[in-house]
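The lines below spell out each chain.
2 protein chains.
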Amino acid sequence: MLAVIRVLTTDDEDLLNAHGRLISERYGIPTRSYCIPDQPRGIYDDETERVAVPKIVQLARRVEEEGAGAIFISCAADPALAEVRATCKVPVIGAGSAAAAVALAAGERIGVLNLMESTPAAVAAVLGRRMVAQARPEGVTNTRDLMTPEGKKQALKAAGLLVEKGADVIVFACTGYSTIGLAGDIKKHLGVRVIDAVEAGGLIASYVLPC
Amino acid sequence: MLAVIRVLTTDDEDLLNAHGRLISERYGIPTRSYCIPDQPRGIYDDETERVAVPKIVQLARRVEEEGAGAIFISCAADPALAEVRATCKVPVIGAGSAAAAVALAAGERIGVLNLMESTPAAVAAVLGRRMVAQARPEGVTNTRDLMTPEGKKQALKAAGLLVEKGADVIVFACTGYSTIGLAGDIKKHLGVRVIDAVEAGGLIASYVLPC
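So the protein sequences, as listed, match chains A and B. Be aware that the first sequence starts at 877, since it is given in this note's numbering, and climbs by one per residue. Be aware that the second sequence starts at 877, since it is given in this note's numbering, and climbs by one per residue.
Some hints could be false.
[Claimed, not checked] Partial chain A-side listing against chain B, Cβ under 8 Å, derived: (1) A958; (2) S973; (3) A974; (4) V978; (5) L980; (6) A1000; (7) V1008; (8) A1009; (9) R1012; (10) E1014; (11) G1015; (12) K1064; (13) V1068; (14) L1079; (15) V1084.
In case anyone wonders, no lab produced these hints; they're calculated from the structure. None of the values given here were measured: they were computed from a predicted structure. Backbone N, C-alpha and C define an ideal beta-carbon position, used for all residues, glycine too.
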C-alpha cells in the first residue's frame, strides 16, 4: 500500500483522496490518503512549510508503523522529503523530485509550469541546467482559479510559452494541475510531452513498492 | 509500440529480444527489438561508440518511420541519445539516464554498480552530487562472466560495498545486470532499493508512450 500524504488539512474525503485515486486508477496500486492537522490552506510560503515539516514527519512515522510499503508526499515542493527519508525505512517519494526526474528521462529540454510561485527548489535541484524555461499562468492566485475556463486558458498559454522557449518536455511543478487534468489539454493542443507531478510520483511508487 | 534498440549485432533472436521481453512482461507494453549492423561485440570503448552513433541514428529514423511510438536505446551509456532526440519526433529514452533519473526519485544517496568501466557520463551527469559511491565486480571482464556463480557473487559483493559507503539506492549502470536478474538477489541479500536500467527504461516508456 502507498500512503499518500496531502500537505493540507481537510475533512472533504473527495479532496483528500483526489491524488491517491489518480494513482490507483492509473497504476493499480492500493493507496491510502492522509492529511496534516491545522493547515486548511496548506503550504504557501516558507513559514507554512516550516511548521508543516514536523507534522509530515510525524504522520510518515505513523503510516510506516501502520504498514505502508512506500510514502508519497504529494506536493511539488517536496516538503519534509529529506527529513522523512532520514526517519523512515520505506521508500519515500516527493512529487516535485519525481516529476523532475521523470522529465529528465523523457526528454532533453525541460520547461517547468509553475502555479503561483517560481520553480520549487526540489524541482530545480534535480533539473539543473536541463531546465530551459519556467512559466506560470497569468491571473491565477490559487488552485481554484485553475478550475475556471479562464484559468485553464491561461495555464495552456503559459505551457505554450515554454514550448516557444524550446522545451520538448513540460513538467508540472504544482499538483493542482493534476486534479484538473491539464496534461491531456496540453498534449492535445501543443503536442508536447507532459509530466504530471502526481502521476510521476505514482509511477515511481509503482516501481519501488514491494510486489 | 516501443522500439528497443540493442547496440550490438546478433542473429540470436533470444538475445536480441531479451530486454524487450523484460519490458513487455513487466509493463504490458508491446515492444519490437532491433540491432545495429557489424558490431557483434557491441560498444566497449570510445571508438566502438563513435562508429555506432550514426548506425543508431539511422536505425531510429527507420523505426520511427515504421510507426514506433517511442524508442528505447538499451545501453547504460546512452549512445547516440542526444543525436536521436535531435532527429526523431517520438520520445527517446536511454537506459542510463532513465535509471539515474528513477534513482533520483526513489532515494537520497545513490550508489552506482558498474560492470567493466567507470560510471558512464550519461549516468553521472543526471546523478550529479547525489552519486555517493561507485563499484564494480572484481574479475568480471564481460557480461558472460556475470552468468557464473562467481560473477554473481562478485557483483553482490560490489553492491554490498555501495551500501557500506552509504547508498540507500543502487542503480545498475550496465544492462548486463538486467538479463541475469541481479536486482532480486541484491534486494534479498542486502535489503536495499535497486534500479535496473532496462526496467527503468521500460517504466519511463510506459509513461510517455501514447495510450
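Item to check | Numbers of unmet hints, in rising order | outcome: Per hint list: 6, 7, 8, 9, 10, 11, 12 and 13 violated.
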